[in-house]
Amino acid sequence: MTAKDSDLVTPPAGPEGTVQIEVKDITKRFGEFTALERVNLQIRRGEFLTLLGPSGSGKSTFLNILAGFDFATEGQLVMGGKDLTFTPPEDRNFGMVFQGYALFPHLTVEQNIAFPLRVRKIRADEQKRRVAEVVRRVGLEDHARKYPRQLSGGQQQRVALARALIFSPALLLLDEPFSALDKNLREQLQFEVKRIHREFGSTFVFVTHDQSEALSMSDRVAIFDGGRVQQIGTPEQVYDAPGTEFVAKFLGQLNLFPVTGQQHGPAGVSGLFEGNLLRAAGGKPGFSKIGIRPEHATLYDAEPPQAQNRVAVALRGTAYHGASVLVDLVTTGDQRADVVLQMNAAEWAARFAQTTAPLWIGWPPEKSLILA
Amino acid sequence: MKRPRLTRYLPAAAGYLGVCFMLLPLLAVVPISFTPKRHLSMPDGDYSLRHYAELLTNQVWQSGILTSVVVGLIVAAITTVIAVLFAVGIWYAKSRYTRLLVGAALMPMAVPPIISALTLYFFTTRASIYDSYPGVIVAHTVLAIPYAVVTLLVALSQIDPNLERAARNLGASLTQTTCLVILPNIRFGILASFTLAFVLSWEEISVTLFVTSLDVITLPRLMWSGLRESIDPIIAAIAVVVIALSALCALIGLRKEK
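Keeping their order, the protein sequence lines are chains A and B. Take the position in the first sequence, starting the count at 1, then add 43; the result is the number in this note's numbering. Take the position in the second sequence, starting the count at 1, then add 2; the result is the number in this note's numbering.
Derived by calculation from the structure, the hints in this document are not laboratory data. No residue lacks a Cβ here, since even glycine has one placed at the ideal position from N, Cα and C. Certain hints may be false.
[Stated by the list, open to error] For each label pair, taking beta carbons as the anchor points, the in silico distance ranges come out as:
| id | chain 1 | residue 1 | chain 2 | residue 2 | range |
| --- | --- | --- | --- | --- | --- |
| 1 | A | Asp126 | B | Arg128 | 51 to 61 Å |
| 2 | A | Asp68 | B | Ala129 | 52 to 62 Å |
| 3 | A | Ala362 | B | Val21 | 32 to 42 Å |
| 4 | B | Arg189 | A | Arg166 | 25 to 35 Å |
| 5 | A | Gly329 | B | Gly91 | 53 to 63 Å |
| 6 | B | Ser65 | A | Pro148 | 22 to 32 Å |
| 7 | A | Thr77 | B | Leu185 | 34 to 44 Å |
| 8 | B | Ala129 | A | Lys125 | 47 to 57 Å |
| 9 | A | Ala389 | B | Ser159 | 48 to 58 Å |
[As the list claims (entries may be wrong)] Beyond 10 Å from chain B on every Cβ pair, some chain A residues (computed):
| id | residue |
| --- | --- |
| 10 | Leu84 |
| 11 | Thr116 |
| 12 | Gly118 |
| 13 | Thr151 |
| 14 | Ser222 |
| 15 | Gln397 |
When you get a sec, could you build the whole thing from the sequences and use the hints?
Structure representation (C-alpha cells):
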C-alpha cells in the first residue's frame, strides 16, 4: 500500500499546459438524485483551474470524486494513460487543502508537514531536510514547534498548503479554503496561494462559490450548475462571453433586454427593445436577449450618439460605494426593465445628482452580451 | 443595574452547590476512619491510625484488594479494546444502521442490575466459569462496555471528520490513519473509558454476589460480608484511601489537559 520513493518525486512528466487529467462523462447518482451529469473536462498540467458554482451545483461532489473520497457512478478519470476512477485516495498522490484545513491537532506544525513523508516511510533525515525546506519556503520558521491551535488562520492555511505540497503531489485540490475568513485576510491569502502556485508549479484545482475569487485567481474557470459544467474558459472568456444566462448572472451583475425582430448580419446581430435598435458583435442562433454589464454602460443626460446602443431610463435610486456609485434605473418604455449602472462617484455627483433632464444609457455594440 | 450582577453569579453558585452536594458525604468517612473504636463511629476527641495499620497487615483485606485490582485492570483492558473497536468501526462505517448498532451496544445499561445478575449467573454456571476469575471478568466487562462505548462515541464526535480524509489524501493507509491520526485524537476518551471500566469493576457488588461464592472474593464482596457480620471501621479507612487515590488521578489528569 505504501508508495515507494520513486512514485512521489514529481507528477508524471510533461510540459506545462498539456493534458494531465482527462475527465470523461463522469456521472454521479445518489439513489434517484443525479448530482453530476456527464462531466467532461481536461485538467492541464500546471494550471490553476477553478470549479465555480452555487451550493448544490455538483462542484463539491466532483472534487470528492477527483480526490477519491467518493466514486463516480459512470464515467472515467484518466491520468497519464492510467485509469484512476476507482483508485483509493491514498494511492492517488493528490494533495488537498480542506475547508477548515483539517490540520492534525495532536501534531506540531513540523509533524503535520512531515506526515505525508512519514506514512511513505521516507528516511528520518530526509524527512527532516525536506520539512525544513518547505517550512522555510512558506515562512513558518518561527512556528515549527507550535500546535495548530496556537496559530492564526493565515498561518494554519500555510501549514495546510505546506503539508499538501511537500510530497510533490500530481494535483493540489483546494476546497473553499477562504470561506471562513474575513474579507481582508481573505484577499491577502488569495495573493499568497497564487504566489505558491507560481513557485511550486503544481496543478491547482480550486473549488469556490465566490465569483470574484474565481475570476481573480484562475487560469481557467469551470462553472457548475445543476450537476453539469455550464461553461469552461479563461476568466475573460466566461465573463465577457458567457454561454448561458446563468453563467452571465453568476459571474456578475447584468442588465438584460429581451428583444424582438432579431436580425443576423455580417457585422453581428440586432433586435428591438422598446423601439430602440440594440446591436451586438458576433452571433448566436436563436438568441432572445441582449445584455450589458453595469460597468460597460454609460449614463447620458441627452440622447447618446448614434453609434451606441441606447435605452431611455428613469432614476429610481443610488447606492454609494466609495469610489463608485451603483445607479438603480428602470427603462421608461412598456417593458419597465430594471437597469443597474456603475459609475465614478465624483462624476455622478457633478453631472447627475441634481439633474432633471431625461436620462439615457448607452454602450458600444461590441460590449453587448448575446443570450438565448 | 443591580439585578444582573446577582443573577450573573447564580449559575456558578448552583454549580458549586451541586459539587458540594455530591462531595460532602464522601468527606464524612474521613473522620470515621480515624476512630479508635472497633465499630463504625465518629471519633470523640481521640484519633487513631489502627484501621490504617490493619489495612496494611490484614491478609484477608489485602487479598481482597489484590483480587479487585487484578480483575479491574483486566476488565478495563478488555472493555477498552472491545469498545474502541466498536466505536471506531461505526465511526468509519457511517452506516445507516449506526443508530441501531449503538442502541444495541448500550442496551445493557438499561437493564436493571438484578436482571443482569440473574442472566450472568445462569451464563457463568452454564459456561462452567461460575466463581472463577474468568466468570467475574466476563460479567464486569459486559456491564462496563456500554459506558466505555458512550465515552468513546463522545470523544469521536469531537474530532473533525475531515481528519480521516486529510490523512487518506496525504497517503496514509486505513491502518496508518487509525493509528497515527484517529486514536491519538481520542486518547483522552480511551483513557477515560479505561478508568471508567476499572472503577465500575472495582465497586461492582450486585452482579458479583451472584457470580462468585468462595474462590473469588473482590473487595466490595469482602466489605459486604464484613458489613453483615461486624461493622468494621476498616471499611472507612479503605474508602479514604480509594478517594485519595481517585482525587490524585483526577488532579494529574486535569494538569495534563492544560
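Here's how the hints hold up against the structure:
| no. | hint | result |
| --- | --- | --- |
| 1 | A:Asp126 - B:Arg128: 51 to 61 Å | 56 Å, holds |
| 2 | A:Asp68 - B:Ala129: 52 to 62 Å | 59 Å, holds |
| 3 | A:Ala362 - B:Val21: 32 to 42 Å | 57 Å, violated |
| 4 | B:Arg189 - A:Arg166: 25 to 35 Å | 28 Å, holds |
| 5 | A:Gly329 - B:Gly91: 53 to 63 Å | 57 Å, holds |
| 6 | B:Ser65 - A:Pro148: 22 to 32 Å | 45 Å, violated |
| 7 | A:Thr77 - B:Leu185: 34 to 44 Å | 38 Å, holds |
| 8 | B:Ala129 - A:Lys125: 47 to 57 Å | 55 Å, holds |
| 9 | A:Ala389 - B:Ser159: 48 to 58 Å | 56 Å, holds |
| 10 | Leu84 | 21 Å, holds |
| 11 | Thr116 | 19 Å, holds |
| 12 | Gly118 | 21 Å, holds |
| 13 | Thr151 | 13 Å, holds |
| 14 | Ser222 | 13 Å, holds |
| 15 | Gln397 | 50 Å, holds |
In summary, the numbered hints that this structure violates are 3, 6.
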